[in-house]
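> Work the whole structure out from these sequences, hints included.
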Amino acid sequence: MSNAEIIKTIFLAASRETVWDFLTRSEKLAEWFHPAERDLAEGEDYALMGQTDDGAPARLCWGTVVEMDKPSKMVWTFTIRPLDGAMTTVTWLLDDVADGTRLTLHHTGFTDIAAPFELMRALDSGWDKHLSDLRAADAL
Amino acid sequence: MNGGIQGAFRALADPTRREILIKLSEREMTIAEVAENFAITRGAVKKHLTILEEGRLISVHTHGRERINRLEADALRPVSDWLSYFDRFWGSRMLDLKSAVEKHERNSDE
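Residue numbers (this note's numbering), protein chains in the order written: chain A, 2 to 141; chain B, 133 to 242.
Be aware that a few hints might be false.
Listed next, with one range per pair, are the computed distances between beta-carbon atoms [said to hold, decoys possible]:
#	chain 1	residue 1	chain 2	residue 2	range
1	B	D146	A	Q52	30 to 38 Å
2	B	T182	A	T78	44 to 52 Å
3	A	L94	B	T182	39 to 47 Å
4	A	E38	B	D228	15 to 23 Å
5	B	S231	A	S27	43 to 51 Å
6	A	G56	B	R188	21 to 29 Å
7	A	F12	B	E198	30 to 38 Å
Lysine-lysine pairs mimicking DSS-like chemistry, simulated, CA-CA at most 25 Å apart [what the hints assert, rightly or not]:
#	chain 1	residue 1	chain 2	residue 2
8	A	K9	A	K74
9	A	K74	B	K235
10	A	K9	B	K235
11	B	K230	A	K74
12	B	K178	B	K155
13	B	K230	A	K9
14	A	K71	B	K235
15	A	K9	A	K71
16	B	K230	A	K71
17	B	K155	B	K179
One-sided and incomplete, this derived list gives chain B residues near chain A with beta-carbon spacing under 8 Å [said to hold, decoys possible]:
#	residue
18	F218
19	G223
20	R225
21	M226
22	D228
23	L229
24	H236
Since the hints were derived computationally from the structure, they do not count as laboratory data. Ideal placement from N, C-alpha and C gives every residue a C-beta, glycine not left out.
Below is the structure:
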């Protein structure tokens, strides 16, 4: 998993400055993700807020803004509540293109997500059986 | 986020619940049998089992007066596949971002 990464690119009919606002300002983040505790700033922790299953306010995604190069690049450490604090890295790249902005997301650093893998190892024999059942079913 | 996988993640976020799953991978167990393995109250074990059941990582079968807990290992498969999880997660987030940005642009043109 160490080389694992997710790369996604979208084209937006807006300037890089506008897209930057949507990635960094609390009320703009709220329009497509979750509201941030406050506007994002380089070197500071951030948290995107939502609710737990019981309706109590809770951090849903959080980390640190490692790098901000307005309006072209931002790097976050990033985790979500179910990951139990294991940090990954999210990099946003904004490029000028005709009529708008190309926004690229890189999500890397999945090596720290250990808990389910420990569990997978512990359950390995069960998986072997499951996979052989699957192969047998495929062969039919 | 997909409700099913979110429930599974919630269930896996706790180390005691992960230990319970490992115990249940050896064999099916009643609540009392699970509780024997842990230094916590039977009530606390029951709460953990309920969350595991809500995450569909275990199923509960009634056998006479006993309630038997069984691991549902298939439910772990989408959770173990982090890349496909985050792939869907960002896919849907970025579509929402595109809608929000372009709506903003249309409004500012008017």
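> Flag every earlier hint the structure violates by its number, smallest first.
1, 2, 5 and 7
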